[in-house]
Structure formats: C-alpha cells, structure tokens
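S.K.: Listed below are the residues making up each chain.
Number of protein chains: 6
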Amino acid sequence: MNPIRPTIPLDLPGKHHGFLRLPYSRNDSAWGSVLIPLTVIAGEPGPTALLTGGNHGDEYEGPIALQQLAWELEPAEVTGRVIIAPYLNYPAFRAGTRVSPIDGVNMNRCFPGRRDGTVTQKIANYFDSVLVPMADLVLDYHSGGKTLDFLPYAAAHYLDDPAQQAACVAAMRAFGAPFSMMMREIDAVGMFDTAVEAQGKVFVTTEIGGGGTATAASTRIALRGARNVLRHAGILGGEIEGAEDSVMLDMPGDDCFHFAERDGLLHPLVDLGEEVAEGQPIARIWPADRTGIAPLEMQASRPGIIAARHFPGLVQSGDCLAVIAMRA
Amino acid sequence: MNPIRPTIPLDLPGKHHGFLRLPYSRNDSAWGSVLIPLTVIAGEPGPTALLTGGNHGDEYEGPIALQQLAWELEPAEVTGRVIIAPYLNYPAFRAGTRVSPIDGVNMNRCFPGRRDGTVTQKIANYFDSVLVPMADLVLDYHSGGKTLDFLPYAAAHYLDDPAQQAACVAAMRAFGAPFSMMMREIDAVGMFDTAVEAQGKVFVTTEIGGGGTATAASTRIALRGARNVLRHAGILGGEIEGAEDSVMLDMPGDDCFHFAERDGLLHPLVDLGEEVAEGQPIARIWPADRTGIAPLEMQASRPGIIAARHFPGLVQSGDCLAVIAMRA
Amino acid sequence: MNPIRPTIPLDLPGKHHGFLRLPYSRNDSAWGSVLIPLTVIAGEPGPTALLTGGNHGDEYEGPIALQQLAWELEPAEVTGRVIIAPYLNYPAFRAGTRVSPIDGVNMNRCFPGRRDGTVTQKIANYFDSVLVPMADLVLDYHSGGKTLDFLPYAAAHYLDDPAQQAACVAAMRAFGAPFSMMMREIDAVGMFDTAVEAQGKVFVTTEIGGGGTATAASTRIALRGARNVLRHAGILGGEIEGAEDSVMLDMPGDDCFHFAERDGLLHPLVDLGEEVAEGQPIARIWPADRTGIAPLEMQASRPGIIAARHFPGLVQSGDCLAVIAMRA
Amino acid sequence: MNPIRPTIPLDLPGKHHGFLRLPYSRNDSAWGSVLIPLTVIAGEPGPTALLTGGNHGDEYEGPIALQQLAWELEPAEVTGRVIIAPYLNYPAFRAGTRVSPIDGVNMNRCFPGRRDGTVTQKIANYFDSVLVPMADLVLDYHSGGKTLDFLPYAAAHYLDDPAQQAACVAAMRAFGAPFSMMMREIDAVGMFDTAVEAQGKVFVTTEIGGGGTATAASTRIALRGARNVLRHAGILGGEIEGAEDSVMLDMPGDDCFHFAERDGLLHPLVDLGEEVAEGQPIARIWPADRTGIAPLEMQASRPGIIAARHFPGLVQSGDCLAVIAMRA
Amino acid sequence: MNPIRPTIPLDLPGKHHGFLRLPYSRNDSAWGSVLIPLTVIAGEPGPTALLTGGNHGDEYEGPIALQQLAWELEPAEVTGRVIIAPYLNYPAFRAGTRVSPIDGVNMNRCFPGRRDGTVTQKIANYFDSVLVPMADLVLDYHSGGKTLDFLPYAAAHYLDDPAQQAACVAAMRAFGAPFSMMMREIDAVGMFDTAVEAQGKVFVTTEIGGGGTATAASTRIALRGARNVLRHAGILGGEIEGAEDSVMLDMPGDDCFHFAERDGLLHPLVDLGEEVAEGQPIARIWPADRTGIAPLEMQASRPGIIAARHFPGLVQSGDCLAVIAMRA
Amino acid sequence: MNPIRPTIPLDLPGKHHGFLRLPYSRNDSAWGSVLIPLTVIAGEPGPTALLTGGNHGDEYEGPIALQQLAWELEPAEVTGRVIIAPYLNYPAFRAGTRVSPIDGVNMNRCFPGRRDGTVTQKIANYFDSVLVPMADLVLDYHSGGKTLDFLPYAAAHYLDDPAQQAACVAAMRAFGAPFSMMMREIDAVGMFDTAVEAQGKVFVTTEIGGGGTATAASTRIALRGARNVLRHAGILGGEIEGAEDSVMLDMPGDDCFHFAERDGLLHPLVDLGEEVAEGQPIARIWPADRTGIAPLEMQASRPGIIAARHFPGLVQSGDCLAVIAMRA
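Residue numbers (our numbering), protein chains in the order written: chain U, 1 to 328; chain E, 329 to 656; chain Y, 657 to 984; chain L, 985 to 1312; chain X, 1313 to 1640; chain G, 1641 to 1968.
Keep in mind the hints are simulated off the structure, nothing from the lab.
Some, not all, of what chain X presents toward chain Y, calculated at C-beta under 8 Å:
(1) THR1409
(2) VAL1411
(3) ASN1418
(4) GLY1457
(5) THR1459
(6) LEU1460
(7) PHE1571
(8) GLU1573
(9) GLN1628
(10) SER1629
(11) GLY1630
(12) CYS1632
Even for Gly, the Cβ is constructed at its ideal location relative to N, Cα and C.
Whole structure, please, built from the sequences with the hints as guidance.
M.R.: This is how it looks when you write it as structure tokens:
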C-alpha cells in the first residue's frame, strides 16, 4: 500500500487545507516526512476535478493560480469537488528545479510510479492510484521552466478513443488560452498525461510562458483557464471567458524540433510567435571561448510559427533551440 | 605589475583577435591560465572606444552584440580604434553566473582591483590600469541577469563635472535604447562605472532585458546601440538610428526600490512598463509550504512605471521585488 | 553469488580479526574495495551469536561496545561463537551519516538486499544470506543518530510465533537496559529485524541515547547488555547484571508520534523521560526568520512518557518532534 | 559608512519588531539582502541592554530564550530599553552551522569587523559601531554547538579594570546559571567579548549545553538568566531567582584542554560534571577502520571537573576531547 | 525501442561524421540531449569493425587513436565498414571520470543495458542491440585510468567456444601491443566484452598505460594496433606491423591481485615490468598523519612480473596495489 | 605571535616525532586543530637542515623520502640537526590537492604568510618566522603534481649574491638528480624559495616526476638526494652518490613555455626527454565533442629538450602543454 496519507478528509463537504504526508527517512531527519500541500473544496454533489501544478518544480503559473484558487474558492460555489495540489513534485518546487533534488527523477516520466520506489515515484503512485481515480477531469499545469519559453497554450492529445479525445479538446478550448495545441506524443511512456488518459479521464495540460518566472499576464491566463475549465465541467457557474479568441496550433512531426550541435552563446534571430519560412535563419551560435570565428547558423527546417525556444543565453550541444508549429 | 598579458598587439592597425592571458595556478592545472577573448580593430587615427560585456556573467545582450561587432567590423570602417572585450568577467560568463565561480567576487564592486589579488581583482586591475586609460569612451553592457528583468535602457550618472556629465548623457542618448535612464548611485564604490568616470572618460552603461536570456529584439537594441555610440564618437560613419524615440526616465531615490520581507511564491500583479499609482498592489507572496494562508500583499510606495522586477518564480526574504521609475 | 569475501575464517576456533572485502570500482579507485571490519571468536562448541552495530552510520553505542568486546573477549571464555561486526553500514559509519554516502540507501530498509545491487544492498544480502543463517541469536544496536534522542531501551517485536516472541522477549529482558520496549512495526518491510526474525532467529534490538554522540553512561549500558545477552545465550558464563530494574514500555499506535507541520526553531517544553498529560503543551516552534510572531504550540495527543524527541535545534516541516510511550 | 540599515526605529518608546537590512548581491539574487531579525522594547527612560544569540549559528538556547523574551516582554515592564537580536550571525543560524555559509567567517573572531568586508564582517561592524555603543550591558549567549557539550554556566573575564571586572562578575552571578566560570582568554583577538569590554561595557557570556540541540531544562536556564540580568540592571522589576546556588568554577590554564592526536571512534570514560584525578583515564580512541587493535587511552593531565567534552561520536586528530575545570 | 537515433546513415558508402542523439531531460535543459560522436566509413562490401574508446571516461589512448583514425581513414582504403565511437561513455569522457557523472554507472558493468534505464544504460543498450549486431569484429580500448597503470597489452578471454577463442587470440596478436594477455574473468557479468562475445563476435580489448594521461609512445601503440586489427580483418590492406615482438602474459588467478589493508602514503619498491620473487617486498604504506611509525610492508604473494599498479600517491584501504602476471 | 605550537622540543638532542599544532575552529570541530607532522633529529653540535615536502599536496616523492628518512635516521649519525616536515601544506596533502582545501591558497605563493591569516598563511608564517631562521640549509621537494610531469631534476635560482648562488648550486649538484636546472623566476613573489633565499640560506628545490604518483625509481632519486645534500652539508658522513652524472639544463626565457589556446583531447607527439627542433609539431588538440574536424597542431617555438609536459588527457584552454629546456 502506498505509504502516503492525507492529513485532511478527501470526501467531506466543506473546505479543507492540509497535506499529503510521505514518510522520508534521511540523514538530516531520521523520522522525517515530505508534506505536500493539498486543498479539497466540496459542495453539493457533482463531478470531481483534480487540479495540479508543479509537476516540474520550476514552472510557476500553475502553482500561483492554484494557490489563488485554493484561497478564494468557497464550497458554496462548488457543485461537486475540487482537489487542488499546487505542487505535485513538492521537493522539486521547493528547490526551484525541474526534477526532484531527492532522487533526480523527472515526475512526468515516472508514472504510474511505485509505492515502494523513490520519493517522486511514491508521489506519482499516490496520484495515479488514489486521486486520479476520484476525478472526472484533470488539469495539469506546465510552463517552460528555467530552460524553455513557450507561447501560452492549453493542449490536448490525439487519442485512440474519439469520444475521449473530443471531450479533452472541448475542455482545452474551454480553458481559453491565447493558443490551443493538438499534440501527438512520440514517447508518452511515463507521462502523467498518459496515466490519466489511460483511466479514461478528461485531461487538459498547458504550456504558459517559461524561463522560471511568471508575469501578471501569464498568471491571469492560468487563473482564468482554471475557472473556465471548472465552469465547462459544471463545477462552477458562470460564463466561460475569452475562449473564442484562442489560435489553434498543431505540432505535426519531429521536424518541428531544432537541436543545437554545438555549445556556445545563443544569438536568436526570431522571437516567440514570429512566422518563419523554411530555410530562414533562426539563430546563430557564437563560440564562448574566443572572438573572430564565424558563428554556426541554424535554419528553419519547415515553415511555421515559433512556438517554443531555448531560454538560457548559453546553449549546450544537444539542446532544443526552437520548436516551429503550424496553424491548424 | 599586473600579470595579465595580451596575446595580440593593442596598438597596431588592422584587426586582431586574441586573448588576455592571466596565469592561474589551481588544482586542475598547476600552470594554467585564464584566456579572456579580446578583439582590437584599428583604422585611420582617431579616438578609442572600449566596449565591454559580461561584467556580470549571466547577462547576454552585450556579449552577443560584441561578438557580432568583432566579427563584422572592418578596419577600413574605423577611424580610431575599437577594443572589444565581450566577456569582462570571463570565468563568470563561462559558468553563467553573476559573480566569478573562482573567487566569488562581483566584478562590478571590485574596481580598481588589485594586481596581486584574486582572479577577478586582477582582471579589474588590468582594465583599470591598462585598457581604460587608452580609451576616450567606454560602453559597458548590463542586463538583468538570471534574477532581475529590466525595461531596455541606456544610462548615465549624475556627475560632479557638468561637462563630463553632458558628454555621457549625449552618448547615452546616441545609444538609442527604447528608454534612457538618469541614475544617482547611492553606493558607487567599486563599480566599473565609477572607475571609468574617475579617469574623466565618457561612460555609457545599459540594462537591456534580463532573466538570463536574450531575444532577437533585445540583441538588436544592443547591436544598434553599439553602432550608434561609435557613430556618435566619430569612429564609425553613418547616421545614428532610432535615438529620437527613447523615453527619458529617472530613479530619484531609495523609495523606488521595493523589498520582500518574506520567502515564498511570487504572484506579480503588474508587469514591466506598466504605470502604477501609489498604494496600488503590485505583487502577492504566497507561502511555499502550504495552502489556505492569506498572501502577503506588496503596495507601490510611489507612483511611476515598473522599470525592473524580480525574475525567479520564488522570492527570498530581502530580495528586490520591483523598481518604480518616473518619467523625466 | 554475493561478491563479498571474508579475509578470515568464519568457522575456526580462536580469535580472528579481519574484514569482509567487497569489490567496489569507482572514480577514485578503479579496482578498489570496501573493507568491513569483522571479528570472529570461537571456543568450545556451542551456539552462535551475531552482534552488529552501525546499521545506521551515526549511532555510536553499538560500535564502541563491540570494539571493546572484540578486543577483550577471549576464545577461552566462549562456548560457541561470537561474530562481531561493529560497523554494518561501514561507508555510512565512516561518513558519520545515517545512510550510505555511496548509494544513499538506508540499510535498515533494504533487507534482504541484492547480490547484484548497490554497495549497501550487497552488504545486506551478505548478512542475510551468509552470516544470519549461521547465528542462533542476533543483537543489532541502534541509537537515535544525529536527529533523534531516545530513552535507553532494548526492544522486541510482537511476532506471529509466540515461542519465537517469548525467546526474543527473554533476550531483551536479559540485555538489562534501563527501559525495555515492546514494538509493533507498522511497516517492517526491508528491516534487518524482519529479515532475521523471518529466519526464525532470536532477535534483540536497542535504542540507546542519540544525537550522534555517546556518553560514558550510555556506552556502559551497551557493553553490559552485550555481555548479558551472551550470558543469556550460554555463550559466556557469569550472572546477568542489572536486568531486574528495567522499566517496561509499550508503543501502542500511530498516535504516539507527533509531527511538526512548520519549519522553525524548536522550543522544547518537556524532556525525555518526563510524564505528560493528553493536551499538555510539549513544544513550541518559533519562526526562524523574524521576531514578534506567536509560536506554533504542539500538544500531547495522548498521555504517557516522552520516549523519543527531535534532536536538532531547528525543525523541518514533517519531522517527528516526539514519541510518547506508555508504561506496560 | 556601514551599509546596514534598521527597518524599525531604535530609539522610540514601545515595542518594534523588524530587521537589520544588509544589501547582499549574489548569483541567486542580484539585488538581494540579508534581513537580520531585531526587536527593540523601550519603556520609561533608563539603561539599555543588548541581548544577542546566534553568534555561532548552531547554538540554540540563546535564540529560543530571546524569541520568547521578544514575544512576551512589554514596554510597560521596561525601565530603559532592551535590544534583542536572537540571531547575530543570521546566515549561520539559518544554515545550522557555527560559521557563516556565505563567507566561512567565525563571527566571534572577526570583531570589530569591516564596513566594506564580507557579510559577517559587516554585521560585526554594525554591532560594534552602532548597537554596542548604545548599550550599558551586553549579554551574549553561547552553547557548545554541534561539536562540543558544556556544563551550563555564565562567564566573566579577568579584566585589567577591577571596577569593570567586578561589574561583569556581578552580572554573571545575577544570571544564576548552575555554574559560573571565570575565564582568562589566551587569545581574545576578534571576540565580541573583547570588543564590548573594550568599550567599557558590562558583559556577560554563557555556555549552556551543546550538541546542536536544546532541552526544556537548558532553555529554562537561558530564559531565567536573561530576566535575572535585566532585573540586575534595573530594567525589569522583581527578584533575581536561583542565583545563589551557582557553583563557581575556574579554568586556570592551557593544561585544562585535552586534545586528540588520532582519528577514531571516541569511547568516553567519564561524563560532564564528573570529578577526575590527575592521570585518570578519561577516554579511549578506537580505530575506525578495523578491530583487534589496542585503543589510544587519554588521561587527565590535571585533577578537576569535566566542564566540556567533544560531542560527535567520531573524533578527528587535533580535536579538543575534554576541558577540566576546577572549583573556584 | 531504444530512444537513441543516429544523425548520420550507418549503412551508406562514404565517410560520415555525426552523432548518436539521446534525449536527456534535466534541470539545465528540459529538452536537452546527449550527442555521442560517431564516424562511419564504408567502402567496397566487406566485413564491419566496430572500434570503441572511452568505455571508461578517463582512459585516453583509445579516444586519441580513434579521433586520428576517423580523421585520416578514407572510404577508398576500406573494404567493408568501420564504425568508430571514440567516446562510448561520452558524459564520463567529458567529465574525465571513470563512471558517468550523470548516473554514476560504470558502463563496463551495465551491459546489455536497458532501453528505459539511465543514460549509461541506454547507451549500452544501443550498442548491444544495434551496433554490435552489425559488426564482425569489435575492438574496445581501455587503459588504466586515473587510478591504475598497466603494461601496454592487448587481451583476449578464455571462452567456451574454442573457435571463437582462437579468432579472438589471433586478432589480439595482430594488434601487436608490446604485451598480450590471456584473461579469465572471474566476474564477467555486465561487461561489454561479455556482451560482444555472447553474440559470437571476434573481440579484442586492451590496457595501454594509465594514470589518466597518454604519451606519444602509448598513442602510437594504440593507433598501430587499430590499423593492424583492421588489416587482420581484411578491411584495410597492407602488412601487420610489429606484432611478432609481443610478450605473452597470463593472469592465472586471484592471488595475482594485491590489496591494501590500510590507508596511507604509498611507497612503491618495484615498478611496472619488473620481475619479483614470491615474498619480495613490493611496497610500503606510510601513515599519512604522523611520522615515526613503522610502515606496513606488502610482499609479493607469487612470483612474476608487475603488470599493473596503483597510481595515486595516496592509497585507500581496499585498493588494488599491484597485479603480478606470469609469462605464458 | 603565530598561534602554532610544536608538541615536541625543537632544540634538544635525540629524535622526536610530533606535530605542529594550529588551532582551527570550524563547523565540524569548534575547538579543533590542524596537526602537522614533524620530526627533529639532533646529534652532536653542527649545522641545521630543514627538509620539507608537500608544499603542494599532490606531489609525493618528497613526502615518501622524508617519511623514510624520519624513520631510519638516528641521532648518532647526525652532526647538527635535521628538521623534517614531510607535509608542509598538510591539509592539501591529506586532500591530495595542489592547494589547501581549507582556504584555496597555493602555499608556494603566500610566503611570508600571515600570523592572523588563513590556515595556509599561518603555516607559511610559522616556517618563515620560526623554522627557516633556525636552518642553514633548506631542501624543499616538488614534483609535477596531478597536472604536470617533469624530468627529474634538482634546481637552483640565479641570485643577486654570487656567493649565495654558488652555495645553492653546489648543494643542487650534490643532490645528484638525473638533471640539474638553473632557473630564473619571472615572478618569484610569495614563493617559499624566495623567502628562504631572502634570509641568506642555502636553498635547493626539485621537480621529480609528476602525475600525482610516485614510482620506485623516482622515490629512490628523492631519498638519495636528501642523503647527498645532508652529506654535502656535513650533517651526515659518507660519500655523495651519483651526482657526477647529472645533466645540466637551463630555462632561459618565456618562450620555453607552450600554452594551449583550445580545450580538447591532447594528442602528444613527443615525450619527456626527447629533443625537438624549432617548429616541430609537439602535440595535437582534438575536439572533445565531435569527430571529423582537423586538430589544432602545436609547434615547438624553440629547439631543446622536453622538460615538462601537461599530464591529464584532456586539456583546457590556457594550460601549459610543454616546457622546452636547453642543455646548459
């Protein structure tokens, strides 16, 4: 049995703030624990939504929106139940890192986790085996983190079950991000997305900005999206806002991704949201150790719109420099 | 005598790419050196400009613009001499950190350096005692680095000598950044700025973006600014571009700076460039370890425009959250 | 087959000091090994006792008592055999840490280990598959380590086999610690205790003090206990000393454990061995970053005697602050 | 001028909680600060007491007593002023380490500090140049920290000025610790003690327990001592409690200190507070890497009472194993 | 399916330089990759040789020889195909360490690897499942690395299949190192050698020098050996050079290996290649912490020739001090 | 006054082994010390020789020879006094690093040290102010350490005082290394050599091998050299051995030193002791991140003999690749 225990009831009406407690013995605390913050808000009977942020620890729009929502949402507004976990990979969130500082595990590649595994695997297993089964709809927030930057979008996957896919697409559209992205995961093994979809649930994910920061604008997108999705699910009342203006995008294949084959200083020539033609120079890589050497110039391998970009000023060989999407 | 030696001539016509070599004995290289890239481009007799980036190692617009300039500028275009050091604190630049990983020294607080000091102090001393004296004008690039984000501006200081100040202001305006900032340094001890100004030179500095990244837009500002300043100094021919649209700003006092008094998750309520009224909420700080607690709300202590902001999604007690400037 | 080999015979009469040699290839020694100290003392035919310390590397009473015993015990005194391993998790002992610095594994949660696993798993597997099968009785020393502090007690588990449990209880009483504790492990998976008990052996464990130190008083308890247990087993002659005064305790359930839900500075209000009433304040947690804020006050959730306490002056959210036992 | 600024008034009646703000630019916060908690409580005119803890960051009785005092003391009780800084070396306190993690400086060897020095030196300089001059009496708490353990005592130094020494001794006796120690510092350069005494102030210091923990008993000694000293100074009313029972001790010379000349596992033979004869064995050091080797045995070089001891279970060559004091 | 993809064709005629790209998401690059350099040179149809270096990251003769070979070998010279991977454990090679800095895995103990494992395991799995099956002959270079030093030899294993063993021995002799060694692996689990031999391939390995350096002489041995082996395989034309002078050695058993049982300063008494008699002193270990103590003296446990030695000046308990081989 | 105290008498006849004790307070030992091993052997009245090794912590011939000498030399053999400090920078020696792990200071650039400085500076100051003044002759051992490799030589400096220089040269020749080197230090500030020579003493230094190892052959050179120098000084009797065969070398200027201007994999083309012509290729630097790129080739800038070389297989930009000396 998974060793995690909630310190609050998961199935009682009202609003409860508490923790998931995971025993974790270590050098600096022989009988210590990881306490993962959790809020459950339940009103009249109805569907359950599970809202998660911090799947990667350096992505901030989700945690901010979910803290705000956990603070301001009241049981009287809710038909059904909202389970809010702003920091899914809590140790990574506290460290401000993508993966957990405890075990080095990328949470979004370790589902369904293991109940006798590492800290990250135990958390994944608890969500997979206890919380996801309680939910009708799961919204999992992502942003670019410290090393990537994205156009703000909500996303849905191409799925084998057309009805499930349609339900996911409808929820994605309801979110109302400036962009909406259809994605076909090449290697979906271990993703939270896959684990949730495999249980037949409605699943929406996002990429909203990046760089390890959040802005007033990006957090407003995230918060409006959460309320919109809850309205779409019938858990909150009121009208969905701003969803009609979302631009539909698609990432059709591997040639969308552009990788660096040299270390150096990154000189971007186009920015997020700009249209590029095939063969257009999109970046130069200057050597970091000398002057007077021609830069390596990268060209767009396909036409489209810059949907993601490498964030840090220095680039390492093998890094993804840019992703070019196309309008759907 | 300072132990640094250039591997190229500093005073010959033509274009030379090389290094400043600083002997540095250490565990992983008993007889090692730090090689700081340097380019010198000299044409017909005329004034000397010293262009420096990487004073802080995580600020990228200067290094990119100076690599590009060192690559494309030809002696035939130059009247006088351009000395280009894209990475002033080279060890910090390679590490992608504000201060040097070798000695932990903030280069911009260690001038005039020491010839028998640490690596950073020796570099500072070499610039202060050898390269700055050769120059008529010094342009030193800064951006916000990994933890701050700025409106793009060139800046000049209030100086005791009105003629020198006027020359600096003219060069700052020539740079042609979207914003131009007059600054009164409270604590100028150890700054490169102060060391250069003390030698009676024309000095321009900048803040262009931040977050430890650079964009196509921000690098264009940096590169245009370098060319504009060289034109202004008579070293390059051609017209100054785009300088007329710069917005003049001022940072009049300590109350421009807003500091966090709590650790937590930063929820920004206004963005860079937005106008705020006195008392207007500008940010919330949510607790990082639990839900269900009211956030700390920060208000603007004066009206103005948001000119700088804390970048990382997590904030530490004592961090500068925002700087509010006023239009001059 | 487990790659560990002893450098001394395990089954010959006399007294042999040597090592268990475990090949361990690593960056700083391509063909290196871990050498785990071992002493075997055998006299006339009789039962075998396996005495182990250093299961956790920062607990010292066991290693001291076993060094002393390995030094002073002579074959002529022994009927049977005594196998002494003062430092079960030898790499952790040398580092002064609870878990191994090599693989981060908590030895007392990795039994029965793996012969093709990490260093800690290989050691566990060797004891489980080679040394424990040779033994009739196993005494494994524990103390609180650097982060916990305990009343000094020997302990036995509630077992399914009443005869085995009785044999263990008799050995625990023979140890003669100031306190004797009956324990029901909630989660016994991976413990050395469980592995030994599963082989039908008589097993005694201890908790003697803590804090990562040892005192003259606590080491005397440990050494007397070893001699008492060997007398009880018929391996040593002479009378058992001081066992009649031991106070019997019990840890009946989860509500014995009190966890912190806030980081801060720990202000204890009661000490080890003191009696508390239900609801009595036992500790305050002051904020570590400011003055003038009310502390969080923790109350006893049940009446009893303080049997264990958090040791470090700072407390982390999730740490066990105190354990309240009751007199049996 | 020292760059530290208080966020609260130091000289107004009432009770103010705030910080000393020290600007500290670094990789993870370009415009960051260190915020050192401070409380000032002022009532009717009268003398000023400066109470400090956390001079070393792993000593806890002072911080706990001062947090409690800052919380519960009211201006109406106070004649004069009480300035409370529970965490003098705040970065070390947060790290739980003796010296600062920022600069590695031992605060109690860096007075009078430097206003343009490292973080620790700037803090020392601020206390030396701003807060100590405001005070009539300074009480600075110490304990043994993570590596030493002490009998609980307050202490005063032998001073050149008999009147100042008498005033310090009177305050030490008023503190009312179980023991009171007269000390002659061999090497007093850089100590806070010396800096305060050099300004002609009344100074009391303490050693209360150790090991990096605090107990209910030790914190009660610390808190009672603070109240007693404030009563002694006329700042608080009421009777001094428990001072008459204090045992007077003296540390007459270098032969009080016993140092290890071998690494190993420490086997103590006597405990804190026990009387020893000259030549009596006080500890054994067992080898950490093998069994079957005779331990090194340490003898008392003089008769007396064990006043301090090495705390960790492992000992390093050169460590102080024990201090033997004599009854005055 | 293994996630590694080559960026060049593996089966086309001509000469292609590129990479094996392994996606590797991490804190400093969310969508990063490891790019393992690879060269494929194919001419007229014929056999395939796979040449690998950098199995351990601190062994340099193989990488140098393979860089040189990849640079100078032309398709016109080749009958068949040569696949060159100079840096098998590329992350370890870049770090200059035996095992990978990413996962701590010793590549030569992790075959056949795992396609869903750690970075090192994925690389091993790609070679085992994709590249080795393409090859008729595999030559894998080793040297002593930073902690061992070897006589320069090529080696073959005793195998169950006499025909395969004969083919391996013939290739080993063709290599033409100064020494040739027959080896019986006691524990061959996880070795690249074993994985290749299990696929029925001809396999040659080497040990050429050590200490984490390479000399002009040792690199010439390595380069000549590669060319000789390719000639032997019929892939290159020309005569095998220098193979007739190789001295045949054998490592018959466990008693060839001499291990230290004490830490200290290593005082070697015989050098590589010297003959020793049984019982002859081969090294002293002096204590590192004092003078005036007799050193531990190690004797040869068998007669023979010193074929390998501990390299660093300090020795740790458990290290292999020397290997004594015998002439075949 | 320097805080270091010897635990043995420095001026009594006989043989004493002990320590220099330097108090060093730190996180892991509040009242700890550094114990630097020291042996003093005094016989009939006569001159004093100070023999030191471990000035850099990763150079081993000196420490081995001095341990052996301290062990075997008897007062009856000695006319005068021999002071032996095998590990001058003892913390660096224990860490196996060139510079001290405590303060990062290169001992051979910090003389005359500071009595109130860091640990390394205090040690330097003690030798400079206490031990060197007692000596008539100082022999300080060096080798290449982990990153350089040298021909084995003793060395003397060109000095302003011809008589002192002649005395040093005579002692250097007496040492009897295979090579003898005259050196003109360009930057002698802070060297032990300079500090000793400035006191008018006879000074000999060495470079014997390198790479962080020692061989039987190199330790024999070191030990014979010590005995020869003591014979030369009249402290030991007997004949000087093997000095007549030493080859005289000279390092006339800066162009002896060859520095890398690129990172990469070092491919040496000539070895230590080989003669090279001006312009002869001596090494290639291959890129570490790809195949198929031409290497950078380094040529000899002057004719001569390779006297020193870069040791590690990887080279960093700025490293010294080789030193070419000429026969005197």
